[in-house]
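Chain by chain, the residues:
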Amino acid sequence: MTPSASRPLSPDPDGTSACERVRDAFLAGSVPSDPELLTHAVTCAECSLLLADEGELGQVLAKAGPAAVAPKWASVGNAVRNESGLRAWIRSRPTRQRLLMVLIAALTALVLGGRQPRHDEPNALMLGAWVLLFLAAALVCAALALGSLGRRLRSTGKRGAAIAVGFLLPVGYALAHHTSGAAAGQPLWPGILSCFGYGTLVVLPLFIMIWLLDRDEKPALLGSVITGIAAGLAANAALSLHCGQEDVAHLLLGHAAIGALLGLVGAAFAALLARRRYGA
Amino acid sequence: MVVLCLRGTEVRSDEELMLAHATGDPSAFRELFERHAAPLARLMLRDLFMREEANDLVQQAFLQLHRARFDFDPKQRLKPWLYTIALNLKREHFRRKKRRPEQLQGDDTNDGAVAPRGQERTEARRALAWALEQVPADQREVIELHWFGGLSFPEVSEVLAITPTAAKVRAHRGYVRLRELFEKDEALARNFSLAKAISTELPSK
Numbered sequence: 001m002t003p004s005a006s007r008p009l010s011p012d013p014d015g016t017s018a019c020e021r022v023r024d025a026f027l028a029g030s031v032p033s034d035p036e037l038l039t040h041a042v043t044c045a046e047c048s049l050l051l052a053d054e055g056e057l058g059q060v061l062a063k064a065g066p067a068a069v070a071p072k073w074a075s076v077g078n079a080v081r082n083e084s085g086l087r088a089w090i091r092s093r094p095t096r097q098r099l100l101m102v103l104i105a106a107l108t109a110l111v112l113g114g115r116q117p118r119h120d121e122p123n124a125l126m127l128g129a130w131v132l133l134f135l136a137a138a139l140v141c142a143a144l145a146l147g148s149l150g151r152r153l154r155s156t157g158k159r160g161a162a163i164a165v166g167f168l169l170p171v172g173y174a175l176a177h178h179t180s181g182a183a184a185g186q187p188l189w190p191g192i193l194s195c196f197g198y199g200t201l202v203v204l205p206l207f208i209m210i211w212l213l214d215r216d217e218k219p220a221l222l223g224s225v226i227t228g229i230a231a232g233l234a235a236n237a238a239l240s241l242h243c244g245q246e247d248v249a250h251l252l253l254g255h256a257a258i259g260a261l262l263g264l265v266g267a268a269f270a271a272l273l274a275r276r277r278y279g280a
Numbered sequence: 001m002v003v004l005c006l007r008g009t010e011v012r013s014d015e016e017l018m019l020a021h022a023t024g025d026p027s028a029f030r031e032l033f034e035r036h037a038a039p040l041a042r043l044m045l046r047d048l049f050m051r052e053e054a055n056d057l058v059q060q061a062f063l064q065l066h067r068a069r070f071d072f073d074p075k076q077r078l079k080p081w082l083y084t085i086a087l088n089l090k091r092e093h094f095r096r097k098k099r100r101p102e103q104l105q106g107d108d109t110n111d112g113a114v115a116p117r118g119q120e121r122t123e124a125r126r127a128l129a130w131a132l133e134q135v136p137a138d139q140r141e142v143i144e145l146h147w148f149g150g151l152s153f154p155e156v157s158e159v160l161a162i163t164p165t166a167a168k169v170r171a172h173r174g175y176v177r178l179r180e181l182f183e184k185d186e187a188l189a190r191n192f193s194l195a196k197a198i199s200t201e202l203p204s205k
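First to last, the protein sequences are chains H and P.
Heads up: the first sequence begins at 1 in our numbering, then just goes up one per residue.
Heads up: the second sequence begins at 1 in our numbering, then just goes up one per residue.
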């Protein structure tokens, strides 16, 4: 039997299609007997399966679902009434405004971070391209973390890809800018710790901002990791304006590792909140 | 925008209610909740089997809907959006708990109805739940949204970001698979017949 999916549904005056009327008749406890529905079933592969053998499958499906008792309004009503204060206001803003806030926070981090420019003379075009790339990736990650595409089911694949890009982009920058022996004779760790601390501090407000804008009662694990990754990408954009170091160890540990650290902080934060809620 | 008229009383559509809520009508959100909480809880309970968890997710879904009220576009339908929020929450819930239960647990899903053959009814439901678990996830999801969530095929397609054609094709394949399972498995078929008998005997809730 071939599916009839390509056929248009036959709408009722109230907009309910014939397929839904067949289902609703089963759910009401009877096998559909309306001549119009039986005529529909002749040409509808799905409904004919439901109606076959005296409506066996339809009757079983009608009874297969659990009869749920709906939650009480009181708890939802209380939660809605308790939605007040700065965080409630900020996360109820339309998504475009929330993303604009993220952009402003990211640009602020960039301006603050790049306030003390690097001492070398980099290729301005290349540097600008990297900064834009970091910023764009940070915004995409922030949008994914905030579930800005709220009308879509959250895709683990897309979020996984965002995490991978968030890790790989700074690594790519490090490899592209690595010059062997660049840091020869200079102590490595002070510079790494300095950039790591500086970059982390500069994007901390952005990290907190994305968390404040999240509408989830308890932040999702992957979303929280991506929040950290987004902040890490913004930190790398700021540091690329601030630091001219070309040693790969410095770039990996002092710059790229910020996203990893903030991603871990985000994951720990989400796990902690989930543990509090579910006691697991 | 659809406005239903029943017995001379004007019933506001979901979209009108959401718009009213966003503009400060205090009763509109409660009306939306009362309209959709039960089918949503039914859909959640189908996978979770724990009434408390299912109701908790329904409450969270409505809270998120409230937080997103200024994002609402009256040109789009509300119901698929609400169900998308709920499904996202359910998936996150399973991710946190690192499990997706595969069978009914205890009596928690018992609807509490006074059933003369309560144990048999539970057995039948258990068998049917098992059968649904054997259906590929993408097909099962369509069947669950359509049958237990009360969504039309176009609404299901919006929630799953597929075409209505694809939704119907998945439902069709799922139905075929269910029938095959019942034909192959004698024990299941017994429960299948039992469920059919029960469904004939007992009035729908």
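If you're looking for bench data, these hints aren't it; they were derived computationally from the structure.
Some clues are possibly wrong.
According to the in silico footprint, chain P covers these stretches of chain H (three or more CB under 8 Å from chain P) [unchecked claim]:
no., stretch
1, 117-129
2, 210-223
Lysine to aspartate or glutamate pairs mimicking EDC-like chemistry, simulated, CA-CA at most 16 Å apart [as the list claims (entries may be wrong)]:
no., chain 1, residue 1, chain 2, residue 2
3, H, K72, P, E31
4, P, K75, P, E183
5, P, K75, P, E34
6, P, K75, P, E31
7, H, K72, P, E133
8, H, K72, P, E53
9, P, K97, P, E31
10, P, K97, P, D56
11, H, K72, P, D56
12, H, K72, P, E15
13, P, K75, P, E15
14, P, K97, P, E155
Computed footprint of chain P on chain H, listed as stretches where at least three residues anywhere in the stretch have a Cβ under 8 Å from a Cβ of chain P [what the hints assert, rightly or not]:
no., stretch
15, 164-175
16, 261-267
Note that beta-carbon positions come from the ideal geometry of N, C-alpha and C, so glycine has one too.
Right, here's what the structure says about each hint:
Counting residues of the stretch 117-129 of chain H whose beta carbon lies closer than 8 Å to any beta carbon of chain P gives 0, which falls short of the minimum of three for the stated coverage. For the stretch 210-223 of chain H, the proposed coverage by chain P is satisfied: 6 residues have a C-beta within less than 8 Å of a C-beta in that chain, meeting the threshold of three. At roughly 12 Å between alpha-carbon atoms, K72/H and E31/P fall within 16 Å of each other, so this suggested pair holds. Taking the CA atoms of K75/P and E183/P, the gap is about 45 Å. The hint is violated against a cut of 16 Å.
Between K75/P and E34/P, the direct Cα distance comes to roughly 22 Å. Violation of the 16 Å bound is thereby established for this hinted pair. Straight-line distance between C-alpha atoms of K75/P and E31/P comes to about 20 Å, which puts the hinted pair past the 16 Å bound. Of the supplied pair hints, the one linking K72/H and E133/P is violated, its CA atoms being roughly 30 Å apart against a limit of 16 Å. Proposed proximity of K72/H and E53/P is supported: the alpha carbons are some 14 Å apart, at most 16 Å.
Using a Cα cut-off of 16 Å, the hinted pair K97/P and E31/P is violated, with the two alpha carbons roughly 32 Å apart. Between K97/P and D56/P the alpha-carbon distance is near 14 Å, which keeps this suggested pair within the 16 Å criterion. At most 16 Å may separate the alpha-carbon atoms for a hinted pair to count; K72/H and D56/P meet this at roughly 10 Å. For the hint linking K72/H to E15/P, the alpha-carbon distance of about 22 Å lies beyond 16 Å, and the restraint is violated.
A C-alpha spacing of about 8 Å is found between K75/P and E15/P, which places the hinted pair at or below 16 Å, so the restraint holds. About 29 Å separates the Cα atoms of K97/P and E155/P, which puts this hinted pair outside 16 Å; it is violated. Three residues within the 8 Å Cβ limit are the bar, and the stretch 164-175 of chain H against chain P gives 0, so the coverage statement is violated. A count of 0 residues in the stretch 261-267 of chain H with a Cβ less than 8 Å from any Cβ of chain P is obtained; the coverage claim is therefore unmet, three being the minimum.
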